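Protein chains in written order, with full-length UniProt numbering: chain A, 1 to 311; chain B, 1 to 311; chain C, 1 to 311; chain D, 1 to 311.
Just so you know, not all the hints are guaranteed correct.
The list treats identical chains as interchangeable, and a pair is accepted whether it falls inside one copy or across any two copies.
To be verified - Computed list of lysine to any residue pairs in SDA-like fashion (alpha-carbon distance at most 25 Å, straight line):
id, residue 1, residue 2
1, 97, 160
2, 102, 143
3, 119, 211
4, 102, 130
5, 102, 140
6, 97, 289
7, 119, 46
8, 119, 185
9, 102, 183
10, 102, 145
11, 119, 32
12, 119, 101
13, 119, 140
14, 119, 41
15, 119, 167
16, 119, 35
17, 102, 201
18, 97, 276
Note that these hints are calculated values from the structure, not bench results.
Bear in mind the structure is a predicted one, so any value in this text is a computation, not a measurement.
If you want the building blocks of each chain, they are given just below.
Number of protein chains: 4
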Amino acid sequence: MPASYAYLGPEGTFTEVALRTLPESATRELVPVVSVAAALDAVRNGEAEAAFVPIENSVEGGITATLDELVAGAPLMIYREVLLSITFALLVRPGTKLSDIKTVTAHPAAQPQVRNWMKANLPTEVVWESAASNADGARLVQEGRYDAAFAGEFAAARYGLEALETGIHDAENAQTRFVLVGRPARPAAPTGADKTSVVIWQRDDHPGALRDLLGEFAVRGVNLMLLQSRPTGQGIGNYCFAVDAEGHITDRRVAEALMGLRRICLEVRYLGSYPRADATVQDVPTPRQGTSDEEFVAAADWVARCQDGRF
Amino acid sequence: MPASYAYLGPEGTFTEVALRTLPESATRELVPVVSVAAALDAVRNGEAEAAFVPIENSVEGGITATLDELVAGAPLMIYREVLLSITFALLVRPGTKLSDIKTVTAHPAAQPQVRNWMKANLPTEVVWESAASNADGARLVQEGRYDAAFAGEFAAARYGLEALETGIHDAENAQTRFVLVGRPARPAAPTGADKTSVVIWQRDDHPGALRDLLGEFAVRGVNLMLLQSRPTGQGIGNYCFAVDAEGHITDRRVAEALMGLRRICLEVRYLGSYPRADATVQDVPTPRQGTSDEEFVAAADWVARCQDGRF
Amino acid sequence: MPASYAYLGPEGTFTEVALRTLPESATRELVPVVSVAAALDAVRNGEAEAAFVPIENSVEGGITATLDELVAGAPLMIYREVLLSITFALLVRPGTKLSDIKTVTAHPAAQPQVRNWMKANLPTEVVWESAASNADGARLVQEGRYDAAFAGEFAAARYGLEALETGIHDAENAQTRFVLVGRPARPAAPTGADKTSVVIWQRDDHPGALRDLLGEFAVRGVNLMLLQSRPTGQGIGNYCFAVDAEGHITDRRVAEALMGLRRICLEVRYLGSYPRADATVQDVPTPRQGTSDEEFVAAADWVARCQDGRF
Amino acid sequence: MPASYAYLGPEGTFTEVALRTLPESATRELVPVVSVAAALDAVRNGEAEAAFVPIENSVEGGITATLDELVAGAPLMIYREVLLSITFALLVRPGTKLSDIKTVTAHPAAQPQVRNWMKANLPTEVVWESAASNADGARLVQEGRYDAAFAGEFAAARYGLEALETGIHDAENAQTRFVLVGRPARPAAPTGADKTSVVIWQRDDHPGALRDLLGEFAVRGVNLMLLQSRPTGQGIGNYCFAVDAEGHITDRRVAEALMGLRRICLEVRYLGSYPRADATVQDVPTPRQGTSDEEFVAAADWVARCQDGRF
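One chain only, chain A, in its complex shape (with noise of 0.2 Å):
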C-alpha cells in the first residue's frame, strides 16, 4: 500500500490542483477527505503520511480552519507550500445561456472574488447558496440544483458541465497557500529561501507586550511575513498569534529569535521550517548587517575567547 496523502475534497477542487504540482503527489495515493479537521487528524491518527490543506489566501486572509487545527491538538509540522492563482470559471449545462441563470452557488469563500462579477455580468434577481466546496457546486448544477456554480475550469469535464467564461477574478493577483503537514520531522534543509511558521501565546498583556514580541525578530533582523492572530478559547480579547518569519530554523538569526520567543512567551508551537513557494534564493535580500551566519558565528567565537581570557 503507498504512502498516502490526505486533502481537503472533494475532487476537483483547486487543493487537488494545486496538490498536483507537488513532483511527490506523483507517488502516494491522494485521498480526499471531507474537512480539514478531517485531513489533519488522519496524519495524526496516523492513517495519511501528510495532509494538503489551504492555509492562506489573498482574498479572505489566514484560513482559519486550518490555524486552529494546527494551533491545537498533537503537533503537527508544514513540510512544503504551495502557491495556486486562483480564478473562476461559470460552469453550467451545455446550452445555459447568462441570462438563464437565476441560482447560482459555490463555496463561501469564492464569494467575495466574484461578487463583483456577478453584479456585473448576471441578472440582479439571481440567488446565491453556499456549497460544500466549489466541486460540489459543480456536481449539484450537474444534478439541476443550481443553475450555475463558480469553480475551476478543470471541474467543467469532471461533472459534465461547460464554462460560459473563464478567468473570473474581482482582485487581481488572487491566489491561495496550501501546505502539506505531516507529523514532526527533521526540517527539510534549508535553501536560502525558506519560511519559518510558530504559534506563540503572550504570557501577559501590558503596553509594549506584542511590540516587545516583535522585537525578538527585529533585533535579530528577521523579516515577518504573516502575522494572524486567533483567539485562544478563553473569551473574547485572548489571542495568540500565527507568525511566519523569512528564514529557516537553521539560520543563526531565526534560531536565536525562536529561542528569544520561548523564553518571554507563554507558549511557542513551532510549525515547522520550509522552502517559500513566492521566492527563490535570488529573489531573498541579503541579511541585515550583523545577522548572517557567518556574523553570528564569529560573534559566538568571540564571546568565547572573552569567557577564555584569550582576546
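Fit chains B, C and D to the supplied structure of chain A, relying on the hints for placement.
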C-alpha cells in the same frame, strides 16, 4: 417614519438579541437584512441610520466579513459595542428524541462551538449541513428539512420548536462582540473605559516595520486589545491590520499615538472611539506613569514655555 | 556701559579667539574670568549678559566643569555655539632651542593633544607641569619659570615669546566646541540646521530604561549628536544625561520628543536650541519620512477631524 | 622578586588606601607610579602584574584618563573593583589656624568635593592652586609652599601635618571606584553579583542607532550600570561608549547581548567581568522572567529539538 437600524438577520438570531440590549434600539425600527454587507450598505446609502453586526467572537476570532466591509468603501464608524455570551440550544420539532436525529444544521460559525457536544451526544452517523443563519436553520427544521438545529433558545418559540438541550458551548466564555456602525460623526464622549478602533496599512516591509508601528502605541503607554490582520487584496502576504486600542481618541496618549501612526503609515482609517462593553471605569487600570492627560498637558505646557523662553 | 560677555580667561586663550568669531562680540565688553563657574555665575547674578565657555572637545570629550554648571543651579540657556580647530604652538623665550628645553607647561587639557609630539621631539628628560591655562603657561615662560609652553600661536606676541613650532596636534580634527550661555530667553529662530540641548534624569532604573528614553527621540526620527552622562552627586552609579539632539524645539518632532521625555523622566532641563556650528541647512538630511513639520501638522489635523467626526 | 601592582601614586593617596583593602595586595609589591597611563603601561609591557587606578567617582563621573587608556592600546582587562568613600581632611603644619590660611592646594579632582566647605569656612581671599595629587599637596604644605592641603586624613602622619578638620565632603555618598587592571585572562568565576564592562563603537549614526545598541541589552533583560561616552579622537561628535552591565559574561543573557553588540557594532572591546563592590548576591534582583540561565538553556534545547524534529 422612525429612524432605523439594519441588522444581520433573520429575526431570532443572537444578533437581534444583542441589538435589543441597546436602549436606543427601543426607539428605532429594527430591520433584518441578509448580510453584513447589506447592513453596512444600508448605512452608506442612507437607508438606515446605523447597522448592527457581529465583529468578533471568542471561538472564531474576527468576523472577516465585517472587518473587510469596514476596511473598504466609504468610511464608517463604530458607535457602540455589545458583548453577548453565546450558548446554543438544540431545537427539534416537538416529540423528536436525541436518538432520532440524523441531520442537523446551523450557521457554520456555530460548528466549532458545538462540535464536541455533538460527538458526545448525537449518533455518530449524524450529518451536518450548513444553514444561512441559525434562525434559518430553525426554520428548516420547522419545515422538516432537518431533524435538529443549533440556535439560540429564544428561537424555539418563533419556529414552534422545542429545546432538547440548552446551554451547549464547547468553549467556556464563548462570547460574540457586536458593533453598531454608522456614518462618521463626533465620537461619543469618553467614559473612562473606552476603546478606539483603527485600520492601518504599512508603508513598507522591513525587519521591525510592524514592531515600529506597535511602538507608536507602546511608547505612549497605550495597550492593544486586538490586532487582526486582513488581506489588502494585493496578493498573498499583503495585509492591513485592524487594531483596537484602549482609550478614547480624545485621550492625549491615544491622539498622539494615532498621529504617529498617521505619519509613518501608508494609510490609517479611523473606525471610532466608544465605550467598552467588557469593562467599566473601575476596571480600567490607571494609565502608566507619564501617559495621563494631565501629564500630557503639563508637558505640552512646559515645551511651550521653553519655546517662549519662560523656564 | 556696554553689555558684557564673561569668558573663561585669561586673555590670549583659544576661548577668546573663539569668542571673537562671533559678530556680536564686537559690540560687547569681553571680560575674562578665572573659571567656568565664575563665568556662569556672572550671568546668573546679572553681572554679565552672557558667558562664553568651552563645553566639548574632540580629545577630552565633554567639559565636565561646564556641563555640571549647566546641570545644577539656576537655569541657563545656550544661545550659540562655536567650533574652533585646535593646534598648538611651542612658545619659548627668543633664543631658546628645542634641545634647551628641560621644563614645559600648559593647561592639562593640552596634554593629550601634544603628548606624542613631545615624545618625538623633546628631550626625554623634559618635565611637564600643569598651568592654570595655556595663556598662563605662556606668562610663566615669559617670567622664566618654565622653558617652554604649549599654547595658541596667537599668544606669542602678547607674552614676548616666539613659536619654535606651530601646528602641533596629536589628533587630526582636534576641535573645541564653545557655547555662549545666557539667561532663559526665547530661543533663536530655527535656521534648518539647529541643535537642541537638554539634560535628563531617569525616574527609575530597570533593564531598558535608558533605551526607552532614547526611544522618545528615535520613534520621532530625531537623531542624537551627544549623549554625555554626568553624576548626579547621589553616589556612584547615579547619572543624568546631557543630550544634544538634531533640530530646534519649534520643530514638531523635537517638541513632541521633549514632551515625551518630560512625561517619563524624573526631570528634564531644557538648555536651548541654537544654530549648529558644524553644518548649514544644506548639510542636514531631510527628516525621515513621517517626521517633517508638514507631516506632523497634517496628522494633527487628521486627528482633530476624527475627533470632530469629519473624516 | 614578588609580583607587583603598579598604582596611581604617590604613596598616601586614596588610591593606596583602596588598594590595601584587596587581600591580594598583601602579597604583592605595591609600586606607586606618576600617572594612570604609567600604571597601565607597566602592565602592558610586563613590568607589573596589574595596575590599580581610579575609574569613576560620584562627583566627577568617569575618570577619563583611565577610560581612555582602557579604550585604546593593547587590550587590558578589569580583574576587580573597589569602592572607597571619600572624605577630606584639611591638613596644615602644626600650629596653623583656619584664619591663617591664605593658600590651599589639592588635586583638581578634590575641588568639587570641598568647594562649598571652603566658601563656608576659609577666608574669602584664600587662593587655590592645583597639586599633582592630594599627597603631593600635603608634601608641598610640609615644605611650606602652601598653608593647607585637602587630602585623606591618613596622609597627615606621613607628612608631619595635622588635620584641622576631617570628614569634609560637599556631596553625601562621595565615593570613588577603583579597578585592578591586568592583561587579558579568564575572568573570575561568577559570584552572582557581577559586572561586565565593554567599550562599543557604533557602525553608523541614524535616528535610533544608540537606542538599538542599548536594545541588545534590554531585549535580554540586562540592566546597565554605566554608560559613559568618550571621544574617539576622530573629531567633535565622534564617541564610543564605555558600558557597565549587570551580570557576568558567562551568564547566558550577558553573553548573548555581547554577541548582539559584536554583530551590529563597528567594534566591541571586552574589558572584563568581575564581582561588584557595591552589592552581594543577596542584593541582586532575580533576572527578569525569561532571562535566567535555566531559561536560556531550556530554550536552546527546545530549538535544538525542533531542528531535529523531536518536538
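Now the hints, each set against the structure:
Taking identical chains as interchangeable, the C-alpha atoms of residue 97 and residue 160 lie at most 25 Å apart only when both belong to the same chain, with a minimum of 16 Å there against 42 Å between chains. Taking CA atoms no more than 25 Å apart as the test, residue 102 paired with residue 143 passes in both settings, with 15 Å inside one copy and 23 Å between copies. In the homo-oligomer, the alpha carbons of residue 119 and residue 211 never lie at most 25 Å apart, since the shortest distance is 42 Å inside one protomer and 40 Å across protomers. When the C-alpha separation of residue 102 and residue 130 is checked against a cutoff of 25 Å, the pair qualifies both within a copy, at 14 Å, and between copies, at 21 Å.
Taking CA atoms no more than 25 Å apart as the test, residue 102 paired with residue 140 passes in both settings, with 14 Å inside one copy and 21 Å between copies. For a Cα distance limit of 25 Å, the shortest separation of residue 97 from residue 289 qualifies neither inside one copy, at 61 Å, nor across copies, at 54 Å. In this assembly of identical chains, the alpha carbons of residue 119 and residue 46 lie at most 25 Å apart only when taken from different copies (21 Å versus 46 Å within one copy). For the homomeric pair residue 119 and residue 185, neither the shortest alpha-carbon distance inside one copy (48 Å) nor that between copies (31 Å) is at most 25 Å.
Taking the shortest Cα distances, residue 102 and residue 183 never come within 25 Å of each other, neither inside one copy (46 Å) nor across copies (34 Å). Within a single copy, residue 102 and residue 145 get their C-alpha atoms as close as 11 Å, and across copies as close as 22 Å, so both meet the 25 Å cut-off. In this assembly of identical chains, the alpha carbons of residue 119 and residue 32 lie at most 25 Å apart only when taken from different copies (22 Å versus 33 Å within one copy). Taking the shortest alpha-carbon separations for residue 119 and residue 101, only the intra-copy value of 13 Å comes in at or below 25 Å, while the best inter-copy value is 39 Å.
Taking CA atoms no more than 25 Å apart as the test, residue 119 paired with residue 140 passes inside one copy only; the shortest distance there is 22 Å, against 28 Å between copies. Taking the shortest Cα distances, residue 119 and residue 41 sit within 25 Å of each other only across copies (15 Å), while inside one copy they are farther apart (39 Å). Within a single copy, residue 119 and residue 167 get their C-alpha atoms as close as 16 Å, which meets the 25 Å cut-off; across copies the closest is 41 Å, which misses it. In this homomeric assembly, residue 119 and residue 35 come within 25 Å of each other (Cα to Cα) only across copies, at 16 Å, whereas the closest approach inside a single copy is 30 Å.
Proximity of residue 102 and residue 201 under a CA criterion of 25 Å is satisfied in neither setting, with 48 Å inside one chain copy and 39 Å between copies. In this assembly of identical chains, the alpha carbons of residue 97 and residue 276 never lie at most 25 Å apart, being 42 Å within a copy and 52 Å across copies at closest.
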